[in-house]
Each structure stands twice: as structure tokens, then as C-alpha cells.
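> Per this note's numbering, the sequence shown starts with residue 7, numbered consecutively.
Any given hint might turn out to be false.
Claimed, not checked - Taking lysine-lysine and the BS3-like style, the derived pairs with C-alpha atoms no more than 25 Å apart in a straight line are:
| no. | residue 1 | residue 2 |
| --- | --- | --- |
| 1 | K139 | K128 |
| 2 | K160 | K30 |
| 3 | K153 | K139 |
Derived from the structure by calculation, the hints contain no laboratory data.
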Amino acid sequence: MVKEAANLKVDIVLKDPWERNLRKILNFGHSIGHALEVWAGYQYLSHGEAVALGMLIETKIARNRGICSEDLEEQIKHALSFLLSSPLRKQEQESINIDIRNLDINQLWETLTLDKKNYQGKITFILPEALGKVILIDSITKEEVVKALEEFKKEW
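Please construct the entire structure, taking both the sequences and the accompanying hints into account.
Here is the structure:
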């Protein structure tokens with residue numbers, strides 16, 4: 007699976023080396039993920055874990071907006087629960103689990119506003135529509151992020 011994913015990423019990067027269009031799809035999970043990395047001080051979450059968590063939360067936003075189905079959300083949760091439950095990271099995950107429930111949404115939102123993918127002051131999210139299909143949205147509100155994060159915290 008890793009080799010297939012790496013080959014797919016290389017193919018996309020070669021088709022859009024300046025990230026003007028197609029390559030933006032690779033940013034799914036990165037908006038929230040980068041904010042979580044900042045929140046965790048770059049020490050409690052690896053980049054991959056932060057992006058995986060970002061994918062879960064951003065999928066919740068998509069689901070709440072009616073962009074993706076409940077079935078797709080479950081498929082993504084299933085795939086990422088495997089990645090996030092590595093026995094090697096168990097102790098760190100337990101501390102993340104406790105801490106993420108106390109995440110300061112204002113700090114997260116402030117970090118989101120600084121993301122390099124933003125355009126004209128709007129936070130850009132790449133949200134899943136279907137397997138292999140995403141949509142760029144720049145009208146996500148703080149309230150939507152709060153709702154998705156609260157739902158995520160209840161399930162985590």
C-alpha cells in the first residue's frame with residue numbers, strides 16, 4: 007500500500023510540480039494536521055499522525071456539510087484507525103488522547119488562519135467527496151471546525 011501511495015504521489019507531483027491545480031489534492035488533512043502539529047509543539051505527533059488526525063476531522067466537516075457519505079467517513083476512519091493505533095506509539099497516543107480533548111479551538115483557528123494554502127484571507131480545506139475524489143472549499147467557518155472537532159473528541 008505504501009509503495010502504491012508513493013507512486014501515486016510522484017505521478018501527481020510530476021503532473022503539477024508548482025501545485026497550481028491537481029497537486030492540491032495531496033493536501034487533504036493538512037489544514038487541520040498542520041495546526042495540530044503546531045499545537046503539539048512538533049514533538050507529540052509525527053507529521054503523518056497529525057495529517058491522519060486532520061483527515062479524520064476534515065472528513066467530519068465534509069460529512070456535516072453533506073459533501074461525503076457516512077459510508078465514506080466510516081471507510082476513512084477504518085483505514086486511519088489502523089495507522090493511528092500502532093503499538094509503538096501507544097503511550098504517546100494515550101497522552102495525545104487526553105490532550106486533544108483539551109485543545110484550545112481559538113489557538114487551532116488562529117493557526118489555521120496562517121496556513122500557506124489560504125487565499126485572500128480564506129482558509130482552504132481539501133475535503134473528501136468520494137474515494138479518490140476531493141473538493142477545495144474556502145468557506146469553512148470556525149463554527150464548522152468547532153463542531154467537527156467536538157464530534158471527533160467524543161469518538162476519539
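> Hints first: check each against the structure and report whether it holds.
We went through each hint and held it up to the structure:
1. For the hint linking K139 to K128, the alpha-carbon distance of about 22 Å falls within 25 Å, and the restraint holds.
2. A distance of roughly 30 Å separates the Cα atoms of K160 and K30; the hinted pair therefore is violated under the 25 Å criterion.
3. For a cut-off of 25 Å, the pair hint linking K153 to K139 stands: about 23 Å separates their Cα positions.
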